[in-house]
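Trainee: So you can see what is in the structure, the chains are spelled out below.
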Amino acid sequence: MENLSILTHLDYTLMIVAIGAALLGAVSGALGSYAVLRRQSLLGDAISHAALPGIAIAFLLTGSKTPLILVLGAAIAGWLGTLLILSIVRLTRIKYDSALGIVLSTFFGFGLVLHTLIQRTGNANQAGLDTFLFGQAATMLARDVLTIGILGGIALTVMLVFWKELKLLVFDEGFAASIGFPIRTLDILLTSLLVVAIVLGLQAVGAVLMSAMLVAPAVAARQWTDRLRLMVFLAACFGALAGVSGTIISSTASRIPTGPTIVLCATVVVGLSIAFAPNRGLVWDRIRQQRNRRNLKMETSRY
Amino acid sequence: MLQGHLDILLIAIVTAVACALPGVFLVLRRMTLMSDAISHAILPGIVVAFFLTESLSSPLLILAAAGTGVLTVLFVELLQRTKLVKEDAAIGLTFPALFSIGVILISRFAGNVHLDMDAVLLGELAYAPLNRLKIFGSDLGPVSLYVMGTIFVLNLVFILLFYKELKLVTFDASLAAALGFVPTVIHYGLMTLVSVTTVGAFDAVGSILVVALIAGPPATAYLMTDRLSRMLIFSAIIGSVNAVTGYWVAFLFDVSIAGSIATMTLIIFVLIFFVVPNRGLIAIARRHARQKWEFAQTMLVIHLLNHEGLPEAETESAIADLHEHLSWDPGFTTQVVKYALNNRCVSREETQLILTEQGRTIAQQALVE
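Chains as they are written, first to last, in the numbering used here: chain A, 1093 to 1395; chain B, 136 to 504.
Honestly, I wouldn't trust all of these hints.
Covered stretches of chain A (in silico footprint by chain B; criterion: 3 or more residues with CB under 8 Å from a CB of chain B, positions within the stretch not fixed) [claimed, not checked]:
hint, region
1, 1301-1308
2, 1346-1358
Quick partial rundown of chain B residues pointing at chain A, CB under 8 Å, derived from the structure [claimed, not checked]:
hint, residue
3, Ala350
4, Val390
5, Ser391
6, Thr400
7, Ile403
8, Asn441
9, Gly444
For the record, the hints were derived by calculation from the structure and aren't laboratory data.
No residue lacks a Cβ here, since even glycine has one placed at the ideal position from N, Cα and C.
Go ahead and model the full structure; you've got the sequences and the hints to work with.
Mentor: In structure tokens:
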């Protein structure tokens, strides 16, 4: 009888974590599609690292560890980091990659400084930083899942409302500007949506691996279709799939962290897509090549 | 105590300079994020080598990790070559996957062994001098100083030996290929150096802040100069300044040294970004302001020239009514008139504004152009 209650309890926890991971995967997959198409795949990496000082400052100012306040701090810092990247690229001749690298690492370094400052006052524990770096999907509560659901839902709704504008921004920025769309505003809107997805994901997979959650599902989805609508939908599905399967796999054995397992699941989906997706897939490509070669041989042997 | 300071400072400076040198080429070749990818992706290499050698400072560990770094570069390029994945996405896919494998390996098997994730990711410069090189019982200094010193010399020699090739491959890869310099070989040579440097810098600053050392000083130097040779020297100097100031700030406030060096990197970058002559934000803002007044002054003298000697000249060049003729804001008009008077382009006669010889020349020139 006692065993049974433990079992159902475990299953309940697992279910909560799986739902949370699925929601996160879906939100970051859908929004990541835009980042990948705009060749800003690594922006997610920069934003997630740049969030650290925001969390530390939020904690220093309020002294509270309420997730919502820390998330707000993370979002503001991530957003500021992105603005700095954009203005460095616009105002100097430094290229996008260097701007990204500088903001990513120095914001993170500043966060580290603040973190050691907090630690010295004896106010926080080391666990805080570990959670930030690697996430703690296993400790997700129903409340957290609700937060992810609501904020993620809002982000996806905004994405759907501005569907046409964002699509134009992604595929033909120059044309969008020429017919009078406010490019700068749309750019900031899209970045803000990314910030929301990333900050939500920090808790589950952590800063280091968050970029994979944006990139992998989108790259996998890209292989299956040329239509944005289908790509975003597929990326959301792949993200959710990776979230659920990663959670389940990591629960089957002890000491397998959830975040990295989710990322590896997403990577496997990418591998399968690159190999087997119809038309674009490498395997079909090889088969097509061989068939062409055979045909050519038959044609030429006739003469 | 003083010896401890000096050791840490020396390690910090040597590490910063060793990272900045290959960083110059990464920044110029738009491959900065490759260093981010390498620094994360070498984790599984470090873990596996650690299982084999059970020591964090064995040379085998550095070799294995550097090998993983080069593999990462290779893997990213293979992914790109399928033409199914763009470069940024290929990087964004590869290093989290490898890093994940490393994290899972550590938590699955190394639970009892001393391999701290924090040490790998964040590094701790303060502990670096504790591990000392001892030969025949005499203390020769901290091991990491020797490791980073060797890597620094390696980088310097590589750059000096292949300076011409590196320059050509960086700025015109196709010409380099046409002349038979084999860009691929130079490319992989550079990537191997970046891997080795990254692994070496691990101990001191950890994998995330390595990027600050590699990208920060070269990008700052890039704001200051157009010459490759100067950019290399400036990068080395800026890297050292970041390291020294960062270390003292960390000492003053008792915070993470590596984090403090990274913070100084950002501060000095932003500072240079503002004040550097010709290209800095302040210089640009001043140029814009000057151009605005110059342009307004030109408009004014052209207006005066247009009506000079004609019957309506008296009304058209009345100072009080100028703003209406030029459709300017009255306050702005007063300022422009003052600016033009100061420059002796116009002179004042009672209520009228008269062109001087100089003003007439400017107006005529502007009309011709």
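Trainee: Any hints this thing doesn't respect? Which numbers, in order?
Mentor: 7, 8 and 9
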